[in-house]
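Asker: Single-letter residue listing:
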Amino acid sequence: MDEIWWIILLAGGLTYLTRTGGHLLLARIGSIPPRLDAALNAVPAAVLTTIVTPALVSGGWPERIAILVCIVLALRLPLIVTVAIGTAMVAFARAAGF
Amino acid sequence: MTETTRSEIRAALRELLPVLLAVVPFGMVYGTIATAEGLSFAQTMGFSATVYAGASQLAALQLIGLGAPVWSVLLAVVALNFRHVLYSASVGRHLHRFSGLQKAMAFFFLVDPVFGAAEARASVQPLTKTFYFAYGCVLYVGWLASSALGAVFGSLIDDPARYGLDFILPVYFLTLLMTFRARSGFYPVALTSAAASIVVYLTLGPPWHVTLGGLAGIAVAALMPPKPAAAPAQGEDRHG
Numbered sequence: 001m002d003e004i005w006w007i008i009l010l011a012g013g014l015t016y017l018t019r020t021g022g023h024l025l026l027a028r029i030g031s032i033p034p035r036l037d038a039a040l041n042a043v044p045a046a047v048l049t050t051i052v053t054p055a056l057v058s059g060g061w062p063e064r065i066a067i068l069v070c071i072v073l074a075l076r077l078p079l080i081v082t083v084a085i086g087t088a089m090v091a092f093a094r095a096a097g098f
Numbered sequence: 001m002t003e004t005t006r007s008e009i010r011a012a013l014r015e016l017l018p019v020l021l022a023v024v025p026f027g028m029v030y031g032t033i034a035t036a037e038g039l040s041f042a043q044t045m046g047f048s049a050t051v052y053a054g055a056s057q058l059a060a061l062q063l064i065g066l067g068a069p070v071w072s073v074l075l076a077v078v079a080l081n082f083r084h085v086l087y088s089a090s091v092g093r094h095l096h097r098f099s100g101l102q103k104a105m106a107f108f109f110l111v112d113p114v115f116g117a118a119e120a121r122a123s124v125q126p127l128t129k130t131f132y133f134a135y136g137c138v139l140y141v142g143w144l145a146s147s148a149l150g151a152v153f154g155s156l157i158d159d160p161a162r163y164g165l166d167f168i169l170p171v172y173f174l175t176l177l178m179t180f181r182a183r184s185g186f187y188p189v190a191l192t193s194a195a196a197s198i199v200v201y202l203t204l205g206p207p208w209h210v211t212l213g214g215l216a217g218i219a220v221a222a223l224m225p226p227k228p229a230a231a232p233a234q235g236e237d238r239h240g
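Protein sequence lines, in the order shown, are assigned to chains R and W.
When we follow my numbering, the leftmost residue of the first sequence carries the number 1, and every step to the right adds one.
When we follow my numbering, the leftmost residue of the second sequence carries the number 1, and every step to the right adds one.
Because the hints were derived from the structure by calculation, they are not lab data.
It is possible that part of the hints are untrue.
To spell it out: a stretch of chain W is covered by chain R in this simulated footprint if at least three of its residues, at any positions, have a beta carbon under 8 Å from a beta carbon of chain R; those stretches are [stated by the list, open to error]:
(1) 49-58
(2) 64-74
(3) 108-122
(4) 184-193
(5) 215-222
Since the model is a prediction, treat every value here as computed from it, not as a measurement.
Cβ atoms here follow ideal geometry from the backbone N, Cα and C, with glycine treated the same way.
With the sequences and hints as input, model every part of the structure.
Answerer: Spelled out as structure tokens, the structure:
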């Protein structure tokens, strides 16, 4: 069989293992101690942050300013409105040649 | 279809819409590059259907193009996808309405936006199978369809960056992140993760900034003194 197909099947299987692994590990432990529960409650805040930081580091000033503006907007506006404003800011800044 | 089912589906699709606007061009970029790297149409689609994680698919393509050995391609895929271990540990606690088989399917769909949407939903009301699978299935079909579009009409979108499409996902995840700000320890956790991920991003480089930066924030949450007011052991979703 083609090497590519092996990569596709093995990479798919390994990725599925990462998507079930955390839950299976917890199921083996049984009850969740309070500190572990607190740690798991922090997963969204901890991991979603790391997906955003590259835009702050390797983006230009339009991206950095848009990120900071959207942090403030997200406190007040619905999600989709904030996303639309942030994206429009960056698109306009790029069209203006920044 | 009951009224509840319909409203759960509507809620899922409303949440999904901005994500699809970003995922479709991303899928098309993947399909285009996969074809350019010499993958057949079946292989291009097979990759999207089995792995279903865009960044790791692109990294794998790059390594395949460089002639890297199979094991190093797989290592890169696992490194990029390791964050899902944390997702499944956290989301698994909200799936008590799901049967074993439904859980097995739910974890297959557990990509970044699904994780964020499911956690945000579980914070305010019980996470239903209808909401989860409506969101997950439509996003999966969108990913497959956009991969196919990219493979067939490679150059349809001339330059996604011109329209700011590459910025939708970061700003979407940022906005989603802010919806968790009521959780205890949000700011210490998020700021620690931000600082740690920036340091790792600039030193070790991606993809390690995700896992290591995330673990730094999680460690802060685990080490903080537990709040006496919050019912700690069961998590917030058990009330509903």
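Asker: Confirm or reject each hint.
Answerer: Evaluated hints:
1. 49-58: This one holds; 6 residues, not fewer than the three required, reach chain R with a Cβ under 8 Å.
2. 64-74: Check passed, 4 qualifying residues.
3. 108-122: Contact hint for the stretch 108-122 of chain W vs chain R: holds, 7 residues under 8 Å.
4. 184-193: holds (count 7)
5. 215-222: Check passed, 8 qualifying residues.
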